Amino acid sequence: MASKPFAAALLAAAVSMTPSFAAAQDSIQDKLHFSGYGEVHYNSHELSEEGVIENDPPAEVDVHRFVLGWRYDFTPKIRMDAEVDFEHAATEIELEYAYLEYDLAAATSLRAGAVLMPVGPLNEFHEPPNYYSVERPYVESSIMPTTWQEIGLGLVGRIGGGALGYRAYVVTGLDASGFDSFNGIREGRGHGAEAPAEDLAGVARLDYASTSGLSLGGSAYYGGADQGDSTLGDATVTILSADARFKRSGLDLKGVVYHTSVGDADVISNTVGATIGDKMLGWYGEAAYDVLRRDREGSSGRALFLFGRYESFDTNESVPSGFTANPAADRQVVTGGLSYMPVENVAFKADVEHWQDDTDADLTRFNLGAAFQF
Amino acid sequence: MRSTRSHTTLLTAIVLSLVSASAAIAGPPRAAQAGGPAASATEPTPFARVYLAIKGCTSCSHCRTTIRQMVNTKSAGGETRMSADQVEVRYPKPGPVPLKDVIHSLAENRLHDLSLVDVLFEARGTIAPGPNGTATFKLAETGQAFPITIDKAVRRPADGTAVRLTAVVDGWRTKDKSGLSLYARTIETN
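Taken in sequence, the protein lines are chains A and B. Position in the first sequence (first residue = 1) + 11 = this note's numbering. Position in the second sequence (first residue = 1) + 406 = this note's numbering.
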């Protein structure tokens, strides 16, 4: 296999140097655009798949994400946009998103395909230089299952001179047979891979941005989740989320809350053999400051963000009658560290996390990361 | 997480990446950086074009859509095209170009990390003398006019000659943006 990429590189280089192809390349260059991002991590203690605190787990290194994306403009109003995620050094391959977008009006576009769910502030803006920590906030893993994509269609737009953005989609519903005690609804995602489509869901987000640096957002999701499987009852999932951010003068303050309700959680719990919370709650607050003040006129373009974050999340916030909440599902994480950005789209990160749960188990770990996007 | 190992997918991705990267390397330099727009081999030259050089917020698909929509709402029918570091608004046929509004759509944007860096304007028109020894560029068929500065290094054609002008747009960084002016980069006569 190793010789094939090399041969492809030679072929691409030869094509690019052949004069007779120059005109065709101009056309491709106009229409085809390339993007990507990636991150490499070192964790002094690896975390369990479920995000549960374990006793002295070993250190780990991981090419966590390497994502390649392409956009092709069929016309100025119709385009395809897609990303493929080669996770964990390309041992897991996932379609991040792939959709067609058609501009219906100046500020309204139709999207159809595998779309990123517009729930919370991170899922659609998940590129690693966009967050300061080595790992994404854990609330946005255990409660809000980023990166979350479903197949569907809907409208995307921005009105009021760019102040108010909206997204509204009808998408495939979750599959409750994948729900568990600690990861909540995470493994119920369809990933667009021959996913069950008996149940649909509706999802919408509104976000407001002021010129002063304040932005506010709210999201709602409701859908069926039994996918026609009678052993899951009439499973439903409702997610409500709100977020606020203030970014100005080097300061970046953020607060996010997610609340998830699961209908027929008792039936699901019996079927999957684990206690599924009928209510799940997660929130975090984060403060960061750029000591190099990249935002200043005439700055070097470098940034050094110092940040701190407190997270609390419980996938068993409330459980169906007859079931017992697992105290290990009620977790708090304090993270503090720095992110140095020599240019806008490259970040070198270091942080320390302290985990604690309601069984009084705790874990402190040190993380290093290098991240980019283009 | 559902996953599969797929060497074919990986190979396809690498080949596509290399082809698009080599096309970008071999292609002409960006307009705003190199002093002139890249000629397209497949499409007729439009009546006018506005190039908005930007930085930040173009790596994610959602921001790209937002940027395109913000420009669309102010472009009065111009065709908006995006690349990694610039937005191009094309006006295929003669008509008024809302230059101030197009610039304003990105200069005063509310995205968390998007900056307008430079603006280039290209159009058909004529150059005419202005008051006190100044010059004015008038768009063909519309009469829309902008004050223009022509450096000695750029050959100024006879007044009234039909030209295709490429110019840096100045004056948009001020708060009211009422005083847009042009600084000629190239002036081509037919």
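None of these hints come from the bench; they were simulated from the model. Heads up, some of the hints might be wrong.
[Unchecked claim] Subject to a maximum C-alpha distance of 27 Å in a straight line, what follows is the list of computed DSSO-like cross-link-like pairs (lysine-lysine):
1) B:LYS558 x A:LYS88
2) B:LYS461 x A:LYS42
3) B:LYS506 x B:LYS544
4) B:LYS499 x A:LYS42
5) B:LYS544 x B:LYS558
6) B:LYS461 x B:LYS506
7) A:LYS290 x A:LYS258
8) A:LYS88 x B:LYS499
9) B:LYS499 x B:LYS558
10) A:LYS88 x B:LYS461
11) A:LYS258 x B:LYS461
[Claimed, not checked] Some, not all, of what chain B presents toward chain A, calculated at C-beta under 8 Å:
12) ALA459
13) CYS466
14) THR472
15) ARG591
Note that the structure is a prediction, hence the values are computed from the model and not measured. In this text, a Cβ means the ideal position worked out from N, Cα and C, and glycines have one as well.
Here is what the structure says about each hint:
A distance of roughly 41 Å separates the Cα atoms of LYS558 (chain B) and LYS88 (chain A); the hinted pair therefore is violated under the 27 Å criterion. About 20 Å separates the Cα atoms of LYS461 (chain B) and LYS42 (chain A), which keeps this hinted pair within 27 Å; it holds. A C-alpha spacing of about 16 Å is found between LYS506 (chain B) and LYS544 (chain B), which places the hinted pair at or below 27 Å, so the restraint holds. With a CA separation close to 21 Å, the supplied pair LYS499 (chain B) and LYS42 (chain A) stays within the 27 Å bound.
As the CA atoms of LYS544 (chain B) and LYS558 (chain B) are separated by approximately 20 Å, the hinted pair is consistent with the 27 Å bound. With a C-alpha separation of about 20 Å, the suggested pair LYS461 (chain B) and LYS506 (chain B) falls inside the 27 Å cut-off, and the hint holds. For the hint pairing LYS290 (chain A) with LYS258 (chain A), the CA-to-CA distance comes to about 32 Å; that exceeds 27 Å, so the pair is violated. Between LYS88 (chain A) and LYS499 (chain B) the CA atoms are separated by roughly 18 Å; this keeps the pair inside 27 Å, and the hint holds.
Only pairs whose Cα atoms come within 27 Å are accepted, and LYS499 (chain B) paired with LYS558 (chain B) is rejected, the gap being roughly 31 Å. Distance restraint check for LYS88 (chain A) and LYS461 (chain B): the Cα-Cα separation of roughly 23 Å lies within the 27 Å cut-off, and the hinted pair is therefore satisfied. Proximity of LYS258 (chain A) to LYS461 (chain B) is assessed by CA-CA distance (about 18 Å); at most 27 Å being required, the pair is judged to hold. Taking 8 Å as the C-beta cut-off, the interface hint given for ALA459 (chain B) is violated, the closest approach to chain A being about 14 Å.
Look at CYS466 (chain B): its Cβ gets to within about 6 Å of chain A, closer than 8 Å, so that hint holds up. At its closest, the beta carbon of THR472 (chain B) sits 5 Å from a beta carbon of chain A; the interface hint therefore holds under the 8 Å criterion. The closest approach between the C-beta of ARG591 (chain B) and any C-beta of chain A is roughly 21 Å, which is over the 8 Å cut-off, so the hint fails.
Violated hints, in rising order: 1, 7, 9, 12, 15; the structure is consistent with all others.
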